[in-house]
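Asker: These protein sequence lines are chains A and B, in that order. Using our numbering, the first residue of the first sequence is number 1, and each one after it goes up by one. Using our numbering, the first residue of the second sequence is number 1, and each one after it goes up by one.
Simulated from the structure, these hints should not be mistaken for lab results. There may be inaccurate statements among the hints.
[To be verified] Distance condition first, Cα-Cα at most 20 Å in a straight line; then the derived DMTMM-like pairs of lysine to aspartate or glutamate:
hint, chain 1, residue 1, chain 2, residue 2
1, A, K23, B, E223
2, B, K194, B, E223
3, A, K23, B, E227
Values in this document were obtained by computation on a predicted structure and should not be read as measured data.
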Amino acid sequence: MSATIDTPAKTPRVGYFANPWRKPRFLQATTIGYLTWSLLPVLIAVAFSFNDGRSRSAWQGFSLRWWTADPTDSLLHDAALRAAMLQTFKLAIITVAVVVPLGTLFAIGIDRWHGRPARAANFTMLLSFVVPEIILGVSLYILFTNLLDGYVTLGTNAQILGLVSFQLSYPVIIVRARLLSIGPEYEEAAMDLGATPGRAIRRVLLPLLAPAILASVALVFADCVDDFVTVAALSGPASSETLAQKIYSAARSSPTPEVNAAATMMLISTLLVIAGGLLFYKRFNRGQDTGGASEFVQL
Amino acid sequence: MPEIAASTHAEVDAPRRRGKRRRGRAAEKQRTGVWYPRWYWPSFITPASISLLILFVLPFYVVFSVAFGSVDFDNFGIAVPYYAPWWWSFDTFNLTLSKFYVEGAIYQDPLIRTFEYVIAASAICLVLGYAVAYYTARFATKYKGLILILLVSPFWISYLMRIYAWQGLLDPDGPINWLLSPIGLGQTNWLEGKSITVILGLVYGYIPFMILPLYASLDRIQESMLEAGRDLGGNGRQTFWRVTLPLSRPAILAGIVIVTLPMFGDYYTNDLLGSTKTSMFGNLISVQKEAAGGSTRAASLVLLLSVIVMVPMLYYLRETKRQAEQA
Chain A
1 MSATIDTPAK TPRVGYFANP WRKPRFLQAT TIGYLTWSLL PVLIAVAFSF
51 NDGRSRSAWQ GFSLRWWTAD PTDSLLHDAA LRAAMLQTFK LAIITVAVVV
101 PLGTLFAIGI DRWHGRPARA ANFTMLLSFV VPEIILGVSL YILFTNLLDG
151 YVTLGTNAQI LGLVSFQLSY PVIIVRARLL SIGPEYEEAA MDLGATPGRA
201 IRRVLLPLLA PAILASVALV FADCVDDFVT VAALSGPASS ETLAQKIYSA
251 ARSSPTPEVN AAATMMLIST LLVIAGGLLF YKRFNRGQDT GGASEFVQL
Chain B
1 MPEIAASTHA EVDAPRRRGK RRRGRAAEKQ RTGVWYPRWY WPSFITPASI
51 SLLILFVLPF YVVFSVAFGS VDFDNFGIAV PYYAPWWWSF DTFNLTLSKF
101 YVEGAIYQDP LIRTFEYVIA ASAICLVLGY AVAYYTARFA TKYKGLILIL
151 LVSPFWISYL MRIYAWQGLL DPDGPINWLL SPIGLGQTNW LEGKSITVIL
201 GLVYGYIPFM ILPLYASLDR IQESMLEAGR DLGGNGRQTF WRVTLPLSRP
251 AILAGIVIVT LPMFGDYYTN DLLGSTKTSM FGNLISVQKE AAGGSTRAAS
301 LVLLLSVIVM VPMLYYLRET KRQAEQA
């Protein structure tokens with residue numbers, strides 16, 4: 001009687017679908033496919049900025065024609081594009097300089113004062129974060145051409161005010177998140193040791209907030225460089241056109257690889273700023289694992 | 001330590017009456033040893049609040065004044081805003097509104113199209129985004145960091161450039177048609193106002209906003225929850241439908257709101273990849289904004305769009321507030 005050891009009567013199903021630990025091949029393929037779909041077109045557009053011909057869909061050999069070589073139509077020599085680049089960075093830098101201090105102060109105030117006006121202000125702030133950009137841009141355009149007609153002229157001034165309005169909520173949200181994770185204890189300790197409230201904020205709280213402030217600088221800068229809707233809605237004379245606007249108008253008429261070069265330039269500058277911000281963030285955050293770059297990921 | 005706990009309790013439990021703030025401030029002083037002047041924290045909020053008032057609240061007031069104002073027909077149809085609410089008239093606003101529903105209404109098609117495109121695009125975003133987020137959260141092991149960076153990177157590439165890149169690819173003699181020529185679609189002109197192009201363009205533009213909240217939520221689901229589901233007899237599929245999916249529902253809703261809000265206001269995707277045959281609500285606004293004497297119509301359309309997006313916006317704000325309170 002050797003058949004005492006029972007083997008299950010059911011023969012196990014073999015094959016891919018029977019295995020509970022099977023590799024999720026379908027999901028994996030979807031993810032890889034998605035990532036390719038999402039990034040390859042941009043890489044191709046970057047590559048075509050080095051195209052030798054006028055086409056941005058048929059490859060005609062490598063050249064720096066659209067970057068530096070062409071005496072009139074290259075990024076380096078095209079006065080209009082250079083002006084647009086300058087305007088883009090000007091807007092971004094001024095907006096950062098206005099928005100980050102205002103937003104940081106606001107975040108600290110909201111964190112400490114819970115009165116009704118504070119809650120109303122915070123609600124409005126969040127509303128300005130989620131409202132579609134075209135609503136804000138066109139509303140500001142209507143404001144500047146009607147009630148404030150003659151006080152704010154369309155062009156650089158209006159564009160800066162528009163970007164301020166649109167970007168103010170970003171530092172608020174980032175700094176607020178950091179404040180919540182810090183808690184009031186450090187400041188209290190500083191004041192126990194004899195610091196005045198103002199000094200406690202300057203010497204203790206602000207250094208603790210530095211990573212979040214830096215992250216906001218990088219984010220707001222990158223967003224301003226990339227912004228199209230607000231800037232276009234509030235632009236005045238041709239001299240106030242930014243890179244994004246140039247790309248848009250060229251894309252609607254007869255784009256050449258020069259536009260690809262301009263877009264690549266924009267891409268490089270935002271990526272540099274973000275990478276720099278991330279590096280600093282990591283350095284500041286050394287030794288304390290606060291979820292790494294969650295602020296960068298979230299917005 | 002007990003002192004702090006007691007004082008926070010006192011703050012929370014303090015009955016709502018006039019003396020409450022005073023008591024709260026006294027508790028604050030007891031806790032920190034510092035008496036803040038009444039104006040101290042409000043002064044932090046003031047500058048940004050003034051900016052909000054002038055650059056966010058005031059514009060909406062002016063939009064109302066223009067939309068409910070009049071038009072000077074002798075002067076190129078320039079807007080004549082009525083700033084006093086008791087003068088507001090709805091004549092010009094109604095004129096704009098009537099273009100949505102009166103027979104032969106020219107705004108009706110873009111309105112319906114906007115809803116169709118937004119619904120289709122956000123549905124694709126959800127299905128595709130969920131798969132990617134789920135894989136990244138559950139199965140991506142060695143390459144998780146890399147995948148996350150790649151998932152985030154579209155945020156740092158200008159939306160305009162990403163759409164512009166597709167314009168080159170979709171050119172009639174571009175790479176996409178070359179790829180599709182074996183199945184007989186090689187001669188398609190994708191850029192002459194095809195719904196599918198614009199919808200996929202919207203998906204392409206906004207899907208990163210869907211993936212990240214989904215990933216964050218799926219990544220937080222603890223393994224033990226899924227094991228419990230399996231222990232109680234569910235197979236993989238049942239565990240997914242009855243544990244994972246319900247747990248990620250808030251993120252699904254948040255993701256849908258986050259992608260639909262900008263889609264409703266989008267006009268440049270269609271400007272670059274579509275034509276007037278595929279124009280959306282945002283295009284109506286941008287066209288009227290540029291047109292001479294279109295300010296009144298643009299203002300009316302902005303008001304209508306604000307009404308459309310109001311519900312998802314308020315929902316999103318309420319959800320984020322609730323999550324902040326839970327955390």
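Asker: Each of the hints needs a verdict: does it hold here or not?
Answerer: Now for the hints, and whether the structure bears them out:
no.: 1; hint: K23/A <-> E223/B; result: 17 Å, holds
no.: 2; hint: K194/B <-> E223/B; result: 44 Å, violated
no.: 3; hint: K23/A <-> E227/B; result: 18 Å, holds
Hint violations for this structure: number 2 only, all remaining hints satisfied.
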